Amino acid sequence: MNGLDSLFNVILTTDFAFSVLRVTTPILFAALGALISNRAGIINIGMEGIMLVSALTGVIVSSYSQNAWVGLLGAVLAGTLIAGLLAFFTLKFKTHIILGGIAINMFASGGTVFILYLLSGDKGSSTSLPSKVLPSLELPLIKDIPVVGQILSGHHVLTYISIISVFVVYYLLNRTSLGLRIRSVGENSHAAQSVGVSVIKIQYTALLLSGFFAGLGGAYMSMGYLSLFTRDMIAGRGWIAIAAESMGRSTTAGTALTSLLFGAADALSNAFQVLKIPAELIATLPYVATVVGLVIYAVSETRKKNRKISAK
Amino acid sequence: MFKSKYFETFRTTAVILIALVIAFLIIALVSDNPVKTIGIFLFEPLNSKGHIGNVIEMAIPLMFTGLAVSLLFRANMFNLGAEGVFYFSGVVASAIAIHWSLGGFLHPVVAILAGSIVGAILSAIPGILKAKWNANELVTSLMFNNILFGIGLYLLNYQLRDAKAFANVSFKFEKTALLDKIIPGTRIHTGLIFVLALIVLAHFFLYKTKWGYELRMTGANRSFARYSGMKTAKVIILVHLLAGFIAGMGGSVEVLGMYTRFQWTALPGYGLDGALVAMLAKNNPLSVIGSALFLAYIRIGADLMARLSDVPAEMISIIQAVIILLISAEQFLKFWKNRMLLKEAREA
Amino acid sequence: METPLLEMRGITKVYPNGVVANRDVNFSLREGEIHALAGENGAGKSTLMKMIFGMEEPSEGEIYIRGEKVRLQSPQDAIDRGIGMVHQHFMLVPSFTVAENMVLGMEPRKGLGIHYAEAIRMTEETARKYNLAVNPKAKVEDLTVGMKQKVEILKALLRGAKILILDEPTAVLTPQETEELFRELQQLKEHGHTIVFISHKLKEVKAICDRITILRGGSSEGVFQTADMSEQEISRLMVGRDVVLKYDKPNVALQEPVLTVQELNVSDRQGNSLLRDVNFTVHGGQIVGIAGVEGNGQRELIEALTGGLQGVSSNGAVQVKGTEIREADILTIRNLGVAYIPEDRMSQGSAAEASISDNLISTRYRSKAMNKGFFLRGSSVMEMATRLIEDFKIRCSGPKQPIGMLSGGNMQKVVVARECSANPQLLIAEQPTRGVDVGAAQLIHQKLLELREKQSAIVLVSADLNEVLEISDCLLVMYEGQIVAYIENPSGMSEEELGLYMLGIKRQDAQQIRRALSHV
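Sequences listed follow chains A, B and C, in order. Reading the first sequence from the start, the letters are residues 2 to 313 in our numbering. Reading the second sequence from the start, the letters are residues 803 to 1150 in our numbering. Reading the third sequence from the start, the letters are residues 65 to 584 in our numbering.
Rather than coming from a laboratory, the hints here were simulated on the basis of the structure. Mixed in with the good hints, there may be bad ones.
Chain C is faced by these chain A residues, among others (derived, beta-carbon under 7 Å) [claimed, not checked]: (1) 177; (2) 197; (3) 201.
Taking CB as the label site, the calculated pair distances span [said to hold, decoys possible]: (4) A:296 to B:978: 52 to 60 Å; (5) A:251 to C:67: 35 to 43 Å; (6) C:447 to A:301: 48 to 56 Å; (7) A:228 to C:181: 47 to 55 Å; (8) C:379 to B:961: 58 to 66 Å.
Below, computed lysine-lysine pairings styled on BS3-like, alpha-carbon distance capped at 30 Å [as the list claims (entries may be wrong)]: (9) A:277 to B:966; (10) B:1012 to C:385; (11) B:1136 to C:464.
Note that the structure is predicted; figures quoted are calculated from it, not measured. Ideal placement from N, C-alpha and C gives every residue a C-beta, glycine not left out.
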């Protein structure tokens, strides 16, 4: 009981709620990216790699320009560019999208170390590069509200942008012509084609957007969450994002909520250590949840089919 | 004269050449002495018995996972779970190597068999989910990689970890569990014999047996297989079991052949490399040997280059990415094939 | 003479795989008419229309709109020129609302977003203008088939279509919905629209079309005023026999019954009846042909004979040599000695990337002749493959060549060789010569007749009337899931008479049909 008490003591603090938002940010960005490309019918499993490249680019550009915002721009451009590369190969050369994603991840995990070593002479981290960090913001008015202020105020600027992004992506997908076309391409590309929508163009756009958001997530990792680049620093967040998108059944709200849930699981892994539940096992929870969700869905689909048959 | 049926061979060669040219370009950009560096990259792996040994040592796990993935791809199953299975089976074999004591050759055999069987069972799960409920085997296998890694890491940290060691590694394996070195002056171990035997077996299985035939037909066209009376769900589960067994054996053999403690704190990547090997081998078991050796060769070349010159070994992952992107690109050089076909049609 | 609204001259379409879908076809539309395009399945109707809608480009020939030569390279080109198409498989996004589907690709905007109120207004306005009531806010996945079709028509109209192509629009409709559709089409005609109505249901063609173009085997049989043509005349042109095949059919004494189908009823998931009270027997040494316009139950009948009915509601008896197979799996059925030449050689009948020999053994690698336990007998497989390649005159470089590299005719010979060479008790041949050249077709016919002499029972389902009439010992005609005629020695029968049965105009009485089920 004592352990449980102390667990609640950890969870029920404003610090914990604050840290949930902090660790959710990169997952949320990447999950929104995955959402957009999935809605266009292409599964981008290169999120991990794109985030890694962006994280490094942010560090490099900010340290050379001595401007964090320029660094952010560089990071996002790099993410979009890598996604563009993936799009070029999969849409033009018809490379298998999954193998393309694997290639991107492979390229990123070695390529970032390669570049890092060339620029800093170090293969582990970018300590020798004087990179910049994006600021945190105190929210006027809100910061003075007790509890709420402590949870919501004082976050990294990209954390706020990630929350705003949820609404932007929702608006994009559900209220704009681009969103309508993205969804039509993903759901019935023949229908889209028959009214003159260019399927290739829409898929290009969706992949670029997925790279854009993954780029924001990567930038957050090296210019917010940490203040430097370390090798393989994304540490599975890209995969968790893909899992979150899948668990969220490809809806904006579902994806955002699952990202938050997985973020909380991440934050909890520290708290759970009080209960002597190892962090390694907690870290698998998002993936277990996704497999379970996937199986439940697959079984219910199969049942639905069978029921239709037996109904007559 | 070139014929369109040689197109695939031609294309593979072209992809490899392009990748090498890119490697040279990178070296030329980065290195102070590019000619010497390229020389090291290309020829140093052949320069001594030890280096040749390194290439073969590196090729062993690549052959295991390449073979496993080839079988899956051959059955048209897009399962990338070899990665997690390879890792987890390594943990299982390590646990037996540490905690059991068995005499003579039995110890490694039991450890490897245990790893292989666990691998087969774990790999079958996405297979069964696919065969029974049509759950996407790609997504489940990718998730399984992370789950197996988490559990494996937990076992390493909580069950196998040697607190006295300087790093996050397991207790030492019992001496009896280690695989024998078979060529003096290298670390090439008996795993090489296992994997070559397995490859030959897989070749015979695939091309000379009823089950292998069912596997190939199910992969080539599942509704044709069904129409012919084959139980394709059974075939899908079978190929997952086989692939898991092979990948699991690979992980077990690798830890017992190359290490004295279990020390992977990240996924070693051999499973995904296996996908690359399978692609280069066009999913043919015998060709897995050549493509694994090629991949191992350029990796060892890059390692040696990093040691002997100023270019880091990670360059190789860029080269690998290029190879994957181009080799699976259906349209790459397609215009060339079409031209050949047209020409042949005119001549016919 | 006035310039036609749309004119196609000398259109030939050859697909990359060598299939000639259209050969030197002329087609023209007068403004404000309803023009029927009729022909059997595979006659080239859809290909011709795809070329008007920019989905395919002709290999030869020209298209004119109001006398001006045009090139239609994409659906957008066609839409821009006022052409709209309602596809047989609806081009709608199920999770979208009607209004969203309507405006997809031409969304009205307000600021950054879509102007939804405007989209709904546009939908309502178009609906009102053409008197086609739809609910703009309803989700398409919740609509009935008839409603979906209305949305499709409105979609085309909203995009300014003056020419509307409807690809077999009534195939999916109930009779009531069909009537409503016809009223709507009449209204559109009054609005000055021109309509192309693709169909092989001649009653419907007679009911609403002004003129008719008839296609057969990819070529045009001419353009006619529908009023001047009887259904019989149209059907004769659609299915007529050009070359009369003649084969020497030796008399073969009837053997024991192999296949017995009794009181077979099949219905789909919605409870619609697909097969009703089907009864017939096939004896060893007998070829029973099954004729009918496609979609009248032949598919379901074949499924019932080949293990395809699992999961569908059915009752009755289907027995092979006394063993019930209606709900058996494919392997059980094959083990009883049933062979099956499927209609689609690409998706079912073969594995394109596998070798010819691999394709030849798929139904017999389990037999002792082909394996010793777990292992295949490589040399026996090769011997058999080499023999069959010779026997069936399959043109290839050898048994190891991938089957996908063969021409359609040779590919089909591989399928036929596999199924015929195992001396089956019962062979089900579905469209065995569709899309193959004359030489291959003759060879396949010979092989069927040889099998008959070897006392196999054969069910031949074919849309090629020439084939069913000439090869079969007796013929069953299917209409709307029922057998409507049983004809012995059909080779002397006129196609006009057969056409009457196929179109449901004429049917035998129950007593006559009952003869198909002989009690031996």
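Verify the proposed pairing of residue 277 of chain A with residue 966 of chain B, using a straight-line Cα cut of 30 Å. OK: residue 277 of chain A and residue 966 of chain B at ~22 Å, within 30 Å.
Outcome of range test on Cβ distance (residue 251 of chain A, residue 67 of chain C; 35 to 43 Å): 51 Å, violated
Does the interface hint hold: is residue 177 of chain A within less than 7 Å of chain C, judged Cβ to Cβ? 5 Å, holds
Hey, does the residue 197 of chain A contact hint survive, CB to chain C under 7 Å? 4 Å, holds
Residue hint residue 201 of chain A, partner chain C, criterion CB-CB below 7 Å: Since chain C brings no Cβ nearer than about 12 Å to residue 201 of chain A, farther than 7 Å, the hint is violated.
So does residue 447 of chain C sit 48 to 56 Å from residue 301 of chain A, Cβ to Cβ? 51 Å, holds
Could you tell me whether the CB distance from residue 296 of chain A to residue 978 of chain B stays inside 52 to 60 Å? 41 Å, violated
Is the Cα-Cα distance between residue 1136 of chain B and residue 464 of chain C 30 Å or less? At roughly 24 Å apart (the allowed maximum being 30 Å), residue 464 of chain C and residue 1136 of chain B satisfy the hint.
Would you check the hint for residue 1012 of chain B and residue 385 of chain C, treating anything up to 30 Å between C-alpha atoms as holding? 29 Å, holds
Status of the given 58 to 66 Å range, CB of residue 961 of chain B versus CB of residue 379 of chain C: Since the Cβ atoms of residue 379 of chain C and residue 961 of chain B sit about 60 Å apart, the hinted range of 58 to 66 Å holds.
Check the following: the C-beta atoms of residue 228 of chain A and residue 181 of chain C are separated by a distance inside 47 to 55 Å. Hint holds: Cβ distance 49 Å, inside 47 to 55 Å.
The earlier numbered hints that this structure contradicts are 3, 4 and 5.
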